[in-house]
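**Q** Sequence:
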Amino acid sequence: MYLIGIDVGGTFTDGIIMKSGNITASAKNATNNSDISSSILTTLDNLLAYVSDKKLIERVVISTTTVTNLIATKGAEPAALILLPGYGLPNSFYELGENCYFIKGSIDFRGNITEELSVSEIKSVIENIQVQNIKRIGVIGKFSNRNNEHELYIEKLIRETYPEALVLISSQVSNQLNFKRRIATTYYTALTYFEWQNFIEQINKALIARDISAEVHILKADGGTIALEASRNYPCQTIYSGPAASTMGGVALTKDSKNSVVLDIGGTTTDISLVIEGEPLYASKGAIIEDNYTHVEAFSLTTLPIGGDSKIGLLNNEITLDSRQDFAACFGGKYPTITDAFNLLYDLKIGDYQKSEEILRQLAIKENLDPKKLAETAINMVMESLENAIKEMFTRWEMEPLYKVWEVVNSRKFVLHRIIGIGAAANAIIPVLASRLGVNHFLSQYSPVANALGTAVARPTININLHIDTGENFYSVYPTGYLGQIKNSRNFSLEDAKSLARNHLAELVKEHNMEGYEEDAVFYLTEQFNVIRGYSTSGKIFDVGLQVKPGFIPEFTGVK
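Sequential numbering of the sequence shown, starting at 0, is according to numbering that gives the first Met the number 0.
Incorrect hints may have been included.
[As the list claims (entries may be wrong)] Derived DSBU-like pairs: lysine-lysine, alpha-carbon spacing no greater than 30 Å straight-line:
1. Lys539 with Lys284
2. Lys284 with Lys257
3. Lys284 with Lys73
[To be verified] With beta-carbon atoms standing in for the labels, derived distance ranges:
4. Asn379 with Glu399: 49 to 55 Å
5. Leu493 with Asn127: 32 to 38 Å
6. Gly470 with Ser384: 53 to 59 Å
7. Val530 with Lys73: 42 to 48 Å
8. Val521 with His416: 49 to 55 Å
9. Lys103 with Glu526: 31 to 37 Å
10. Val530 with Ser384: 34 to 40 Å
11. Pro553 with Leu493: 49 to 55 Å
12. Thr556 with Lys348: 33 to 39 Å
13. Thr525 with Asp255: 28 to 34 Å
14. Leu55 with Glu399: 26 to 32 Å
15. Phe108 with Val438: 43 to 49 Å
16. Val530 with Met0: 51 to 57 Å
17. Asn316 with Glu97: 38 to 44 Å
Derived by calculation from the structure, the hints in this document are not laboratory data. A quick note: this is a predicted structure, and the numbers were derived from the prediction, not measured. Idealized CB from N, CA, C, for every residue including glycine.
Between the sequences and the hints, there should be enough to build the whole structure, so can you do that?
**A** The structure is reproduced here in structure tokens:
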């Protein structure tokens, strides 16, 4: 059976094909950022040349920058938000985007309605949105994850009066507490929804044309995968899919319990992540999109606008590092790059070494500089940027409450063991950086395509949260937004709550074509609180979380 992994980077789209746990072949093509699907399909076609029978392809996993690019380039049509903040902070605190509408209607933290909706106000807002021809609408109510009655009513009204508009309600997009993060998650989902549907259709058509019937997954920001069809309503889950591929690739290459920094040095950017005792570090507050926290689970990442193809320039006698404009001169590019600087200073003999030397000499002559001195200065600038980014990542980790727990449990301070290098420019940069930091480094023959490896062998992940209030006789489920009633609420126990969570996870696993993986699910949240009224207990509140954690598919035992 074959496994295929394809990772779309800013400069290159990488792919690998595996058979019986071994890497059979790899492919690397320039990324067409204006047409991501074409880059994916070109790479897929390269890999299919090594397949004896397409029916033997078991799974295709894709890491894509489709959503990331849409948001970064502001290429999507505008979205409007209808917000029900209730009482508390000023409305300005919740504003996001250019089309925010605040309306009446409030629900408290236990799901009780404390202020009714104004139908005339809602109709006026819908009319205003329609006049502006905005066809993407998000509806977000505070505590709608406890009771989504208001959101459902507004959704119904929009569908009746403005049927051509897309309407998303936050209780179905991100059914969690934290109103501000739920606003952001719903907003970015609305912004990218139609484009993501189009991407899925392109991939499906292409696979049909190639007679591929294998299951297709998308790599999520948390390092797990989701079935392509199941991802339709969750485009934001795929943001930072590329950096997640880097992290999973680094862990897949090593598969041990060392403390590591994974550096994916591509042509355009460098992605940095932290691996603690073999486990990637997660962003405790969710993925950040345009400075806004979301409910998207993601690795803790740092991205620098520095890559192997970053252009070296001169401005007012000062050496500058500019964004990528072409490949390195040693690979036929027109400008001196960081790769050329390493090639010259460390005599790496990468590509056409003479081209690196020649183009750096041409630049140095303009300011009467020695070419090797110019290369050394540019390299020092890169090293300082990377060192500072790594140190800042350590500082953020040490400020996390979880770090204090880790220190107590392990009775020691965190110590970095090595740097794992992946990406096209890793072989040139990583040994020098590791030496400066005084740690070991790890490079593999598969480092240039490790992202695709991490993508191919990542397993599906899913998590489910239940909030249960026996006093109010209801429970809510994330991520489905389901609201249900409790049977036998008087005698309801924590074990009952866990059993209910398992039942809902089983349904979700079936919906996402993940049968079998529910056996690996673990509880990461089990809390119980008594509700006291007067001098007696009037009910209980349970919060239960069950998760199939990110990891690798069972058949992957390591790179051979």
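**Q** A separate judgement is required for each hint: does it hold in the structure or not?
**A** Results of checking the hints against the structure:
1. Lys539 with Lys284: Holds: Lys539 and Lys284 sit about 27 Å apart, inside 30 Å.
2. Lys284 with Lys257: 25 Å, holds
3. Lys284 with Lys73: Judged against 30 Å, a Cα distance of about 24 Å means the pair holds.
4. Asn379 with Glu399: 49 to 55 Å: 31 Å, violated
5. Leu493 with Asn127: 32 to 38 Å: About 48 Å separates the Cβ atoms of Leu493 and Asn127, which means 32 to 38 Å is violated.
6. Gly470 with Ser384: 53 to 59 Å: Because 55 Å falls inside the window, the suggested range holds.
7. Val530 with Lys73: 42 to 48 Å: Holds: the Cβ-Cβ distance is about 46 Å, inside 42 to 48 Å.
8. Val521 with His416: 49 to 55 Å: About 26 Å separates the Cβ atoms of Val521 and His416, which means 49 to 55 Å is violated.
9. Lys103 with Glu526: 31 to 37 Å: The hinted range 31 to 37 Å holds for Lys103 and Glu526, with Cβ atoms some 33 Å apart.
10. Val530 with Ser384: 34 to 40 Å: 53 Å, violated
11. Pro553 with Leu493: 49 to 55 Å: Roughly 31 Å apart at Cβ, these two residues miss the hinted range, so it is violated.
12. Thr556 with Lys348: 33 to 39 Å: Distance hint for Thr556, Lys348 holds at roughly 35 Å.
13. Thr525 with Asp255: 28 to 34 Å: Distance hint for Thr525, Asp255 holds at roughly 30 Å.
14. Leu55 with Glu399: 26 to 32 Å: Hint violated: Cβ distance 45 Å, outside 26 to 32 Å.
15. Phe108 with Val438: 43 to 49 Å: 47 Å, holds
16. Val530 with Met0: 51 to 57 Å: Holds, since Val530 and Met0 (Cβ atoms, about 53 Å apart) stay within the stated range.
17. Asn316 with Glu97: 38 to 44 Å: 43 Å, holds
Against the hints set out earlier in the document, violations occur for numbers 4, 5, 8, 10, 11, 14.
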